[in-house]
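Trainee: Using the sequences and the hints, build the whole thing.
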Amino acid sequence: MKILVCISNVPDTTTKVKFKEENTLFDDSGVQWIINPWDELALTRALELKEDAGNSVDEVSVIHVGGAQTDVTLRKALAIGADKAIRIDACPADAYSVAGQIAAYLKENPFDIVFSGIESSDYNGSSVGAMIAEFMDYSGVSSVTSVAFEGDELILYRAIPGGKQKIKAKIPLVAVVQKGIATEPRIPAMRGIMMARKKPLEVKPAIEMQILTKSVKFEMPEAKGACKMLDAEHVEQLLELLKNEAKVL
Amino acid sequence: MNFEFTEEQLMIRDAARDFAQRELLPGVIERDDKATYPTEQVKRLGELGFLGMLVGLEYDGGGMDTISYVLAMEEISKVDSSVSVIMSVNNSLVCWGVEKYGTEAQKQKYLKPMARGEKIGAFLLSEPEAGSDATSQRTTAVDMGDHYLVNGTKNWITNGKSASTYIVMAQTHSELKHKGINVLIVDAKSEGISVGPHENKMGMRASDTCSVMFNNVKVPKENRLGEEGFGFKLAMKSLEGGRIGIASQALGIASGAYELALKYAQERKAFGKEIIQHQAIAFKLADMAVEIEAARFFCLKAAWLKDQGKPYGHASAMAKLYAAETAMKVTTEAVQIHGGYGYVKEYHVERLMRDAKLTQIYEGTSEIQKIVISRGLIA
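Protein chains in written order, with UniProt numbering: chain F, 1 to 249; chain W, 1 to 379.
None of these hints come from the bench; they were simulated from the model. This structure is a prediction, so every number in the text was calculated from the model and none was measured. Ideal Cβ positions, reconstructed from N, Cα and C, are used throughout, including at glycine. Treat the hints with care, since some could be wrong.
[What the hints assert, rightly or not] Each pair of labels, with its calculated beta carbon distance range:
(1) Arg268(W) x Leu25(F): 32 to 40 Å
(2) Lys34(W) x Leu25(F): 52 to 60 Å
(3) Asp52(F) x Thr39(W): 24 to 32 Å
(4) Pro311(W) x Ala226(F): 38 to 46 Å
(5) Lys198(F) x Leu176(W): 44 to 52 Å
(6) Gly272(W) x Phe218(F): 31 to 39 Å
(7) Thr6(W) x Ala226(F): 42 to 50 Å
[Said to hold, decoys possible] Derived pair list, reagent style DSS-like, types lysine-lysine, alpha-carbon separation capped at 30 Å:
(8) Lys345(W) x Lys273(W)
(9) Lys109(W) x Lys198(F)
(10) Lys273(W) x Lys119(W)
(11) Lys100(W) x Lys18(F)
(12) Lys34(W) x Lys357(W)
(13) Lys228(F) x Lys269(W)
(14) Lys119(W) x Lys50(F)
(15) Lys198(F) x Lys100(W)
(16) Lys273(W) x Lys16(F)
(17) Lys112(W) x Lys199(F)
(18) Lys221(W) x Lys109(W)
(19) Lys34(W) x Lys18(F)
(20) Lys161(W) x Lys221(W)
(21) Lys179(F) x Lys107(F)
(22) Lys201(W) x Lys109(W)
[Said to hold, decoys possible] Among chain W residues calculated to face chain F with C-beta under 7 Å, some are:
(23) Glu7
(24) Glu8
(25) Met11
(26) Ile12
(27) Ala15
(28) Asp18
(29) Phe19
(30) Leu48
(31) Gly49
(32) Met53
(33) Gly56
(34) Gly62
Mentor: Below you can see the structure in the form of structure tokens.
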């Protein structure tokens, strides 16, 4: 059985976000790139499933759509423990094109389970996993917090408001995973780091894809105003400010 | 000249940082307070490969270069020096000597488990009356034909209690003075070995430091490391590399304290503004940043020389001296910047200050480094 984990290359979560060219492009100068945190958790769970001798998972690969500069991120995934990395050599324009590129690879190279993080921590699109399932005509389960084998089937739990839902699913399937899927991302071991360059990192040409959406402009949230401190006895003044200044009452 | 790190070196630095923040930071104050040995943390250190990161891949190590080692030591020491000293001793003082001078059988039997982090080692040089003057070894290893009979006491032994393997310096031919010293690989469970109580230290309180006593301990002849009488030279060569480890540890202690002080100075307000806006504090932080960067260059230069196969003893002594002095100065200033908060344990900097003091003392005091450096100038 083979598991494919979709990897997004995102700015470190502590990055100070700036835009350029009249706020039409993200300014990536000086940015440190990391594996999207949800994808890193997905990879961790995939490796746990492989390491459990009771399962018959014999390969965990990672796939990414991006340019050569993102190979560093893929090699980190290899250092963490992925067996193989695939990079589709294309600029990730939008969720539809990324999902289309990954689906095109999957059609030529079938996998049993595809993991995708619930969203990328940069654009928060939350669409790629579901789109892959649609392109491939696989079953798809979203908001997955737990995944385990039961015979040839998968038992998945997904978060729903106020509780959780247990789902039994057949493979092939796309699981869109979120927090809880693994306790915490793995730290690569020294040997893993040294062996990463020896593992395969395949670069595949992109297929022709229509780009359906275009980013026009980015806007930063308004700067927070200064904090007003009121004496605890002046409740009336607080209500007046909430009503007339903050306009939340 | 190239100041860029490789992709692998950066990945190792990040892995060490993640490990330190996620797995060392929780509980570090309590472990220090109660002088609790970091059993779980050392196990994880081994699983991740840090305990044998300098050992070649063929002997189950990480096959890393010394630059990577400096980066990892700095990150781990920013948070917990009690853990980083265990890593430094195992890598630089114990594994290095066995890999460099050991027989194939010694490497298979002793090096591999230590490189995998399943076992750890200790380096037994200091004695009650032989600290800086390491030539005055009183511990004896009498040649009994097929084995050595070891008697004596070793002091201040890092990993003394937790180690499975001891690298022991002992005098076989006292008439030859330091040329009569041998280095023996000794199984810590050998009959006749007893371990003293955990020393109640000022800093690095969670690492186990104790005395080890040898009473008629039989050590097989095949456990001698290197040629007959090579022991003192081997010990000194081990310490040359060890100093890169301790220099990097001192660098980490300094940069850890600096980062905390920088953050605090941007949050704490006095006289209507953040204290970093006051020149008295800003200039302190500027001095700290400059000295830390200089210490980092010293450490990396010594590591680079070692990786290039060039002599590095002089550079490692400079790195150890400068980084240790910097650690003491920077941590003291970090406490000062924190004011009263710096004097309580919750804010970490007082612990870093206590830890810094040891870097000026062990693996060659600052004064001994000056002897090494000045002799190098004459030569």
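Trainee: Please go over all the hints and tell whether each is borne out by the structure.
Mentor: Hint-by-hint comparison with the structure:
no.: 1; hint: Arg268(W) x Leu25(F): 32 to 40 Å; verdict: 38 Å, holds
no.: 2; hint: Lys34(W) x Leu25(F): 52 to 60 Å; verdict: 54 Å, holds
no.: 3; hint: Asp52(F) x Thr39(W): 24 to 32 Å; verdict: 26 Å, holds
no.: 4; hint: Pro311(W) x Ala226(F): 38 to 46 Å; verdict: 60 Å, violated
no.: 5; hint: Lys198(F) x Leu176(W): 44 to 52 Å; verdict: 48 Å, holds
no.: 6; hint: Gly272(W) x Phe218(F): 31 to 39 Å; verdict: 36 Å, holds
no.: 7; hint: Thr6(W) x Ala226(F): 42 to 50 Å; verdict: 46 Å, holds
no.: 8; hint: Lys345(W) x Lys273(W); verdict: 26 Å, holds
no.: 9; hint: Lys109(W) x Lys198(F); verdict: 28 Å, holds
no.: 10; hint: Lys273(W) x Lys119(W); verdict: 52 Å, violated
no.: 11; hint: Lys100(W) x Lys18(F); verdict: 51 Å, violated
no.: 12; hint: Lys34(W) x Lys357(W); verdict: 19 Å, holds
no.: 13; hint: Lys228(F) x Lys269(W); verdict: 17 Å, holds
no.: 14; hint: Lys119(W) x Lys50(F); verdict: 28 Å, holds
no.: 15; hint: Lys198(F) x Lys100(W); verdict: 26 Å, holds
no.: 16; hint: Lys273(W) x Lys16(F); verdict: 23 Å, holds
no.: 17; hint: Lys112(W) x Lys199(F); verdict: 24 Å, holds
no.: 18; hint: Lys221(W) x Lys109(W); verdict: 15 Å, holds
no.: 19; hint: Lys34(W) x Lys18(F); verdict: 46 Å, violated
no.: 20; hint: Lys161(W) x Lys221(W); verdict: 24 Å, holds
no.: 21; hint: Lys179(F) x Lys107(F); verdict: 29 Å, holds
no.: 22; hint: Lys201(W) x Lys109(W); verdict: 33 Å, violated
no.: 23; hint: Glu7; verdict: 6 Å, holds
no.: 24; hint: Glu8; verdict: 6 Å, holds
no.: 25; hint: Met11; verdict: 5 Å, holds
no.: 26; hint: Ile12; verdict: 6 Å, holds
no.: 27; hint: Ala15; verdict: 5 Å, holds
no.: 28; hint: Asp18; verdict: 5 Å, holds
no.: 29; hint: Phe19; verdict: 5 Å, holds
no.: 30; hint: Leu48; verdict: 5 Å, holds
no.: 31; hint: Gly49; verdict: 3 Å, holds
no.: 32; hint: Met53; verdict: 5 Å, holds
no.: 33; hint: Gly56; verdict: 10 Å, violated
no.: 34; hint: Gly62; verdict: 3 Å, holds
Hints 4, 10, 11, 19, 22, 33 from the list above are not met by this structure, while the remaining hints are.
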